[in-house]
Amino acid sequence: MKIIDVKGLEKSYGNLQVLKGLDFETNAGEIIGVIGMNGAGKSTFLEILMTIKDYDRGDVTIFGHNLKGISMDQLISLRKDISVVLQPTQFYKSLKVEELLRLFKAYYQSDIEIGQIIDDFQLEQHRKSFFEKLSGGWKQKVSLAIAFLSEPKLIILDEPTTGLDPHMRNVLWSYIVDYNQKKGGTVILTTHYMDEIELYCDKVMLIDNGVNKIFEKTEDILSLGYRSINDFYLSKV
Amino acid sequence: MLATQLKYDLIMFSRELFYLIFSIIVPPVTYIFMGQLFGEDTYAGGLSYVEMYTPSFIILITFSVVFFAFGFDQVMNRSTGVEKRIGISPVPQRTILLSGIIKSIIITSFGFVLIHAIGMVVYNLTFNPITFLVSYGFFILLNAVLLVISSAVYSLFRDLKSALIFSILIFQVVMFTGDFSLPVAQMPTFIQVIANINPMYHVNHLFIDVWNSQLIFNNDTWTSIGVIMLVFVAALIVIRWNRRKV
Chain A
1 MKIIDVKGLE
11 KSYGNLQVLK
21 GLDFETNAGE
31 IIGVIGMNGA
41 GKSTFLEILM
51 TIKDYDRGDV
61 TIFGHNLKGI
71 SMDQLISLRK
81 DISVVLQPTQ
91 FYKSLKVEEL
101 LRLFKAYYQS
111 DIEIGQIIDD
121 FQLEQHRKSF
131 FEKLSGGWKQ
141 KVSLAIAFLS
151 EPKLIILDEP
161 TTGLDPHMRN
171 VLWSYIVDYN
181 QKKGGTVILT
191 THYMDEIELY
201 CDKVMLIDNG
211 VNKIFEKTED
221 ILSLGYRSIN
231 DFYLSKV
Chain B
1 MLATQLKYDL
11 IMFSRELFYL
21 IFSIIVPPVT
31 YIFMGQLFGE
41 DTYAGGLSYV
51 EMYTPSFIIL
61 ITFSVVFFAF
71 GFDQVMNRST
81 GVEKRIGISP
91 VPQRTILLSG
101 IIKSIIITSF
111 GFVLIHAIGM
121 VVYNLTFNPI
131 TFLVSYGFFI
141 LLNAVLLVIS
151 SAVYSLFRDL
161 KSALIFSILI
171 FQVVMFTGDF
181 SLPVAQMPTF
191 IQVIANINPM
201 YHVNHLFIDV
211 WNSQLIFNND
221 TWTSIGVIML
231 VFVAALIVIR
241 WNRRKV
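Taken in sequence, the protein lines are chains A and B. In this text, residue positions in the first sequence follow UniProt numbering: the first is 1, and each later residue adds one. In this text, residue positions in the second sequence follow UniProt numbering: the first is 1, and each later residue adds one.
No wet-lab data here; the hints were simulated from the structure. Ideal placement from N, C-alpha and C gives every residue a C-beta, glycine not left out. Warning: the hint list may mix true and false statements.
[Claimed, not checked] Not everything, but these chain B residues come out facing chain A in the computed CB check (under 7 angstroms):
hint, residue
1, Met1
2, Thr4
3, Thr80
4, Gly81
5, Val82
6, Ile88
7, Ser89
8, Val91
9, Arg94
Can you build the whole structure from these sequences, using the hints too?
Written as structure tokens, this is what we have:
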């Protein structure tokens, strides 16, 4: 089932055109990695999918709703099925982890018990910690817990593992893969770690000069003779 | 959802030392301290210290809460990315805004009662229920006006550092040109000129008049209403213009 359909997406900041006619689509349950150099437009693209950034031209359809002309009530309803992890993720600094979970549970009107989320993400030792006092890895773990709190159909991750040690990266990915397999949720993420793309992503989209230069299955790219996605990436940018 | 947001907004306020010091601690302490120094003086209109400065310090608390815990807090959330993260959540913006407004009204009302109670205990302020209720009603109206002005002013800031410098600066300007410390009438002419274009000076004087049942619609009152309305309308234009930019 197609959940996102993007055609001819264009976006400019003043005279600088960042997206120049980008096409994209994804089906339920896919994990898609979006790669490209710094400033290629990855974050702009993701923020448009997050429904927080307007665009100039093109069509963006999410869960069957075209974002152009969508009402605020429809948008709020749409956002219930979308969750995000930003880089860097920031929440109210003077709230504790458990309080943040309760607040976002109210936002998403989620039925999930806070205790269950704390158990699932092994947050017990930090449930009374202030978010701002956590290390980068724990902050991302809490961000993921908050993102999964709503059992979203789509989760968008903007460089979720940047700056984390290999152990914490592995921990976060185990949650993402688990969510994808058990709930059938769709994951779209950007990352600069090509090993993550190779290990976990079903498809790769390379954004270059404002368009999707490549949008293929990861295995199809590797079957072309590249030793790794990293080699593929370096040969294309 | 509104109740949950309001609960956590109030918890966050209680944990922010910066807000607590400037809104709940400094004004009452200054009110008591100045009373010890100038408690026997008589002020414009034949008012005593307690008649002049009880309403003044209630307005000072209101200013601190509305400009720091409401306005500055918005810049902090904007600059740290919290606003963006909340914006992606399925929570209507009006819920967040309404919670911020109710939070401010609760805290400023607490300030209203606190200063009043200090006045009664320390300076023998008499409690008149009718005056109290009329003053509170007018106080809520001023709260609404100041919330709009604060929202407009802080919508111009994206950077926390410049917002902080601005906040500290306007606190000083308001303290000295709003008639909250030494009487403006005793200050140099240029301070009096600044005071006349400072909306907080006019808010303060209108509230002192209402508090003491001395409000008469003379030139001074119309000037005060005019300055406040001018700034209020400008604030509405700024808010509307900023919305259009998004």
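Cross-check of the supplied hints:
no. : hint  : in the structure
1   : Met1  : 5 angstroms, holds
2   : Thr4  : 4 angstroms, holds
3   : Thr80 : 5 angstroms, holds
4   : Gly81 : 4 angstroms, holds
5   : Val82 : 5 angstroms, holds
6   : Ile88 : 5 angstroms, holds
7   : Ser89 : 4 angstroms, holds
8   : Val91 : 4 angstroms, holds
9   : Arg94 : 10 angstroms, violated
Going down the numbered hints, you'll see the structure goes against just number 9.
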